[in-house]
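Going line by line, the protein sequences match chains A and B.
Residue numbering for the first sequence follows our numbering, starting at 313 and increasing by one per position.
Residue numbering for the second sequence follows our numbering, starting at 313 and increasing by one per position.
Mixed in with the good hints, there may be bad ones.
[Said to hold, decoys possible] Derived DSSO-like pairs: lysine-lysine, alpha-carbon spacing no greater than 27 angstroms straight-line:
(1) A:K465 x B:K465
(2) A:K561 x A:K622
(3) B:K472 x A:K465
(4) B:K559 x B:K526
(5) B:K432 x A:K328
(6) A:K465 x B:K508
(7) B:K418 x A:K432
(8) A:K508 x A:K528
(9) A:K374 x A:K432
(10) B:K328 x A:K374
(11) A:K419 x B:K622
(12) B:K465 x A:K419
(13) A:K432 x B:K328
(14) A:K374 x B:K526
These aren't lab readings, by the way, just hints derived from the structure by calculation.
Bear in mind that the values here come from a model prediction, so they are computed numbers and not experimental data.
Here's the letter readout for the chains.
Number of protein chains: 2
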Amino acid sequence: MALQTILFDFTLDAEKTATSSQRQDVARVVRNELEHVFSQLELAYSMESLDGGYFAVLHENKETIITCRIFQQGLLTINVEYYLADGKEPLMSFDTGKRVENAIAKKLNALWGQKLPTLKRGDVARYFPSSDERIIEYDIDTLVYEARSPFQKIQIMHSKTLGNMLILDELQNIAESDLIYTETLMGRGIENYEGKEICILGGGDGALLYELLKEKPKHVVMLEIDELVMQACNKYLNTICGDVLEKRKTEQYEIIVGDCVEYMKKFIADGRKFDYVFGDLTDIPISGAPIGECWDFIRTIFEHSFKLLKPDGKFLTHGNGTSCLESLQLFEDQLRLLKPKVKFTTSKAFVPSFMEEWLFYQVTFA
Amino acid sequence: MALQTILFDFTLDAEKTATSSQRQDVARVVRNELEHVFSQLELAYSMESLDGGYFAVLHENKETIITCRIFQQGLLTINVEYYLADGKEPLMSFDTGKRVENAIAKKLNALWGQKLPTLKRGDVARYFPSSDERIIEYDIDTLVYEARSPFQKIQIMHSKTLGNMLILDELQNIAESDLIYTETLMGRGIENYEGKEICILGGGDGALLYELLKEKPKHVVMLEIDELVMQACNKYLNTICGDVLEKRKTEQYEIIVGDCVEYMKKFIADGRKFDYVFGDLTDIPISGAPIGECWDFIRTIFEHSFKLLKPDGKFLTHGNGTSCLESLQLFEDQLRLLKPKVKFTTSKAFVPSFMEEWLFYQVTFA
C-alpha cells in the first residue's frame, strides 16, 4: 500500500495576497484548477490567521485530501494526498501535476512555482538523507534483510540500479555499486600494500578487507564490533566482500569481533605496530562505552591509531560529503589537536549509493 | 523565505485502527508526542470517513499546521508545516524529527515508520526528478541565469558540489561535474575521431564539440536550434565547453543555428556523408514542426541520421536512465524498425548531475 503526496508551491506578488478577499480569490483559482483533476471537491474547513495567513482543507469523497495554504509573504502551497492501491494508476500523474502547476502559475501570475516529484509513503523505505540532509529517493524495491543487533538496526535493501545496500540505523552505508568508495579509501594505485601489516577499525561490510587482500599484504587484522553486520554482508553483499567474511582467521588475515578501542589498547600495550591503520567505522559511535561526544570518540580513535602506526605509517579514513564544509572543518580540527603532530592529504570520489561526492583523508606523522 | 514540510508515515497493525475510538487513541498519541516539540497545539478540525479513515488538523498559533491522517489499512501519516524565516533555526531539526518518529513508533507498536528529510519550499528550485520520477534534492544555492527562448525555458543553477547546471524546461541537462557523460557518449578511448567528419545534432551546451575537437577530427558540424542556450552555456559552462561556442565557424568546425531535421534533409539532398552522427538532443522535441509523438520524432532523427552516414559510420546517442527499462525498450523498438537494418551496442556511466546511471547507444548498419 502507498500514499501519494504531491506538493506544489508558488511565490506570488505579496500585494496580491494582502487582504482576506484577495486570499479567497487565490484559493478559488487553486480550487478551480484542481477540479479539472478532482471534479467532486468539497471545502471541509478553512481558517484565517491574524498575520494574513489562510489555510483550507478540500477533499473528494474524503479520499483525496488537499490542503491549501497562503502566507502573508505571498507564498502559496498546495498538498494533495490520496491512497493508491497496488496496481492502480495514479490520480495525478507526473505530467498532469505539471499541467496543474503551469495553469495555476499562469492564472495567478506567479513569480515562481514548482511541483515536487510525487512522494510515496507507507510501503518501503526509499528516502534517505545526503550528508547535508537533502532528500534523495532511492529505487528500492525490496527489503532483503532486517535485524536488530545489540549495537544497531541492520537492513539490506535492494536498489534496482545500485544493487544490495547496507543500511545501518536507517542511514546508507555501502552498496554493491560502490567499489569506488573502497578504492578511494585505500588509494588503490597510489599506496603499495604488498608485504605490509594492516589494521582495519570497523569495516564490517568486508569490502575493504576483500580489496586489500588482492594487494598481497603480509597480514590484516580487522576489529569489528558487530557480528550480525558481518553475517548479513557475507550473505547479501558478496559482490563487494567476496568470501572474506566466511572465515575469521586465515594466514593472511584475522577478524576480531569486539570493541576496536579495547583491542587497540591491548595492541598498544603489546607494542604491536602497523604500516596502515584504516578508520572504517560508522560516523556515530555504536559501542556503549562512555566516550562522550562524537568528536571525542573520533579523536580517541585518532590517538590510539597513531600509537599503533610505524613512524612512516599511514592512517586512512573517510571524512564526509564534500558539501559538509562545517563537519569537515571539525574533523580537521580534531586532527590538528593530535600530538605528536600529523599532516594530511585528501582525495575524493562520487560514491553512487551516497549520491554525492565524498572526501577521504590520508594522515601521516608530520 | 522557505516553508519547512516534514512528513512522517507509519504502518500500524490494521486491527488497531479498526474502530473510531481506536483511531482517536492513535491520534491522541500522535498529539502527545508532537506536543513535546509544539507545546501549544490546538485541534482545529477533524473528520471521519465511512471507510474507516480519520483526518485531523492541529495547529500552534496557526503558524505550525499539522495534519494527521489514519487509513483503514493501518497507515498513519503526519505532515508538519511551518514557515521558517531566513536565519532562524528550524523548529524541528533532523534529530528532533527522528526522536518524534521513534517515540510515536514505539508508543503505537508500529510495524514500520519513517520520517522523510525536511522538504524546503518556496525559495529556490532544488527538487528534480530522476528518469524514473524519483525525487532528488540538489544542493542548489543560486539561480545564476534564467531566460525563455522561443523553444524552451533556460536556467543555469549553481550546485555547491556539481557546479553550474544547465536546466531546460525544468529538467536537468548537464553540469560542470559531467565530463563522464560526454566521454561515455563519445566512447573516448574506444572510438578514433582523428581525421573524421562528424555531425552533432543538438549539443547546444558545447561540451561534446569541445571534447571532440581535442581528438583532431577533420571537421565537425553542429546543428543546434537554440541560440540562447549556446549563449548561456558559453557564459556559464566554460569548464565543460571551453571557448568553442565563442565562434560559429572555424576551419575545424561550424555551428549552424537551426532545426536539425531541416539541415539534415539539405545535407541528404547534397549527398553529404559523415563518419559519425551524434544524437545529442533533449529527449522531448522542441522544434515546432508537426512531427507527432515523441517516438515518431526519435525515429525521424534515426532515419535521417543513417542517410547521412558512410557505410561504416556510427550513430552515437544517449538513451535514458538504466532504471527506465520500459522507455529503453521503446527506444530499441524504434531502432529495430529502421531500414536498412541496424545493430547496436550500449555503454553506461553514472552521471553525477543526473544522480543515476545512464545508458548510451552505439548504432551501426547491420
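Do the hints match the structure? See the list:
no. : hint            : in the structure
1   : A:K465 x B:K465 : 45 angstroms, violated
2   : A:K561 x A:K622 : 24 angstroms, holds
3   : B:K472 x A:K465 : 32 angstroms, violated
4   : B:K559 x B:K526 : 16 angstroms, holds
5   : B:K432 x A:K328 : 23 angstroms, holds
6   : A:K465 x B:K508 : 57 angstroms, violated
7   : B:K418 x A:K432 : 22 angstroms, holds
8   : A:K508 x A:K528 : 8 angstroms, holds
9   : A:K374 x A:K432 : 19 angstroms, holds
10  : B:K328 x A:K374 : 21 angstroms, holds
11  : A:K419 x B:K622 : 52 angstroms, violated
12  : B:K465 x A:K419 : 18 angstroms, holds
13  : A:K432 x B:K328 : 23 angstroms, holds
14  : A:K374 x B:K526 : 62 angstroms, violated
When each numbered hint is compared with the structure, violations occur for hints 1, 3, 6, 11 and 14.
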